[in-house]
Structures are given as C-alpha cells and as structure tokens.
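Asker: Sequence:
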Amino acid sequence: MTVVVVHWNRAAHCLRSLERLDAQGAPVRALVVDNGSRPAELDLLRSGLPAWAEVLELGRNAGFGPAANAGFRRWLAEGAGEWVGLMPHDAMPDEGTLAELLAVAAARPRLGFVSADVGDGATPVVDPYFGGITRPPSVESGFEPADHPHGTLMLARRRALEDVGLFDERYFAYCEEADLGLRALAAGWEVGLVRGAMVRNPEMGPGSAAVAYLQLRNTLLLVREHSGRYHAAIRLLVALAQITRSLVDARARDHLHHPSARLWAIVDFLRGRLGPPPARLQPS
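The opening residue of the sequence shown carries number 1 in the UniProt record's numbering; numbering runs sequentially from there.
Source of the hints: derived by calculation from the structure; they are not laboratory data. Keep in mind that a hint or two might mislead.
Unchecked claim - Here are the in silico distance ranges between beta carbons for each label pair:
#1 26 x 54: 15 to 25 Å
#2 19 x 169: 23 to 33 Å
#3 107 x 282: 41 to 51 Å
#4 260 x 26: 38 to 48 Å
#5 119 x 40: 27 to 37 Å
#6 280 x 73: 29 to 39 Å
#7 77 x 253: 39 to 49 Å
Ideal Cβ placement from N, Cα and C applies to all residues, glycine included.
Using the sequences plus the hints, can you model the full thing?
Answerer: Shown next as structure tokens:
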C-alpha cells in the first residue's frame, strides 16, 4: 500500500519514520511530500531515501492538509489500491500497526477512515460548541468509533475520498481531520480508531504561536461550518474569556499561552483570512 508522508525540514526524523514503515512486515510504498524544505534538509532526505520511497516536491510550505492532498491526488490518479496511509514526518508506528489497521478495515466495508492509537487513552469527538475534544475510550482493544481520524497515522479508503473529497485546504494545518471525519459521517461512512495499533509522535511539545493561532482560528471555522454561526459566536466569546483569564491568572495558562496570536486568530477568522498563519507567527 502507499503511505503519504508529509515532510518539512526534519529529514533525520523522516528517515527514521521510513525505517519504521519498512518494519511493518507488509509491502509499503512511501510518497514523501516535501513542503518546501531547506536545500540541506532536502539533500539529506534524498541521500537516505530507500528504493521504495520517492519525494514529491511542492516547493513551498503549503501546510499539512494541502500537502496530504497532493499525495492523495497522485495516489487516486494512479488507480491502484483500496487504502492509502497518511502520517507526518516524525510518526513512529509500532511493528504490525499497519497490518492491524488493514485487518480491521477488511471486516468493515463502510469504514472510510481509520487511525492508529496514539496512546493517550482518549477518543476524538467534535463538540458542536467547542470543536475537537476527546472522551474516555469505550473499548480496551479493537475498533472504536470516533468523530474523526487522528492525523498521526490514518488510513483512507479510496471510495470514501472519492465520495466526500479531500482535506479542506482553508485549514492549512489542524482541525482538517475533524472536518473530514464529520463530512464522512454525514455521508454514511464509518470513522474510528483501532485500540492497540500503536503509533508514537515523539516530536510533540510546547505549542508555538503559529500553532496557537491555527488551532483557535480553525476551531472557529470548524464550529461555524458544521454547527452554524450561533455556535461559532459562543465559541469565540469563550475564547475571549479564556485569553483574558490567562492574562491575569497564571494558573489558567496552558501550552498554547500565546494571547496575541490567539487574538489575531479571532480577528482573522472574522475577516475570513484563512490558509497559512501570518508570516510574523511562522518559524523561520
């Protein structure tokens, strides 16, 4: 099967992730979609690339969703295979994870999107007011329904992508999986994860200003698109209250404590400015 790997300036991480794909015990072809990495990183990636992987260069940082879409479009046009995988450049699937996902998929003909278990003991759901949140798991192993797949490692069925479409590129990064999952559920597809089919994301850490911006702006977009303007207005007021409280009470600050970035997220949402975050928030 083909696995689309979204890469940006982390060649060493990406090569380690490809090693984990090679250890899955099943034939895998990797399509590494490069989001305009620096020349040195791209050279390092190419020098260590295995024969069963290739690089698709976008020449710019298009974002996670748009880069994934570029890989999906290539795979759809080739017309081979029922399932395609997707993961970022630092995902580390356990041995046998892909086989577990495919075994579950084979038994569920209406399963459109399924993701691996990231080990957080939570199930992704979408609240009509708050957007993407989690709930406790309902099963200890095997398939568990969810509102959307987890982007750390997910599989998509060809017919589901053809039916509901690809990622909405207005999101750039964050919340695009939630939007896709809700569209799939509305079209009658199953969405979920497989408990025990593990994948690690070791690069996860404190959120940057760009992440804080994207998560809030895109949450507002997600709520408006799937629940309506009233729900989005309530979510916006909650965000303003959270920002205000975090400024006066250190205990209210989380890993995304970037008040100015979050305020810009609200402003840009109201202005309809979507896509990539402002240049001043992006890492160099």
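Asker: Against this structure, judge whether each hint is valid.
Answerer: Consistency of the hints with the structure:
1. 26 x 54: 15 to 25 Å: For residue 26 and residue 54 the Cβ distance comes to about 18 Å; the hint holds.
2. 19 x 169: 23 to 33 Å: holds, 30 Å
3. 107 x 282: 41 to 51 Å: holds, 43 Å
4. 260 x 26: 38 to 48 Å: holds, 47 Å
5. 119 x 40: 27 to 37 Å: Holds: the Cβ-Cβ distance is about 33 Å, inside 27 to 37 Å.
6. 280 x 73: 29 to 39 Å: holds, 31 Å
7. 77 x 253: 39 to 49 Å: holds, 46 Å
Of the numbered hints stated above, none is contradicted by the structure.
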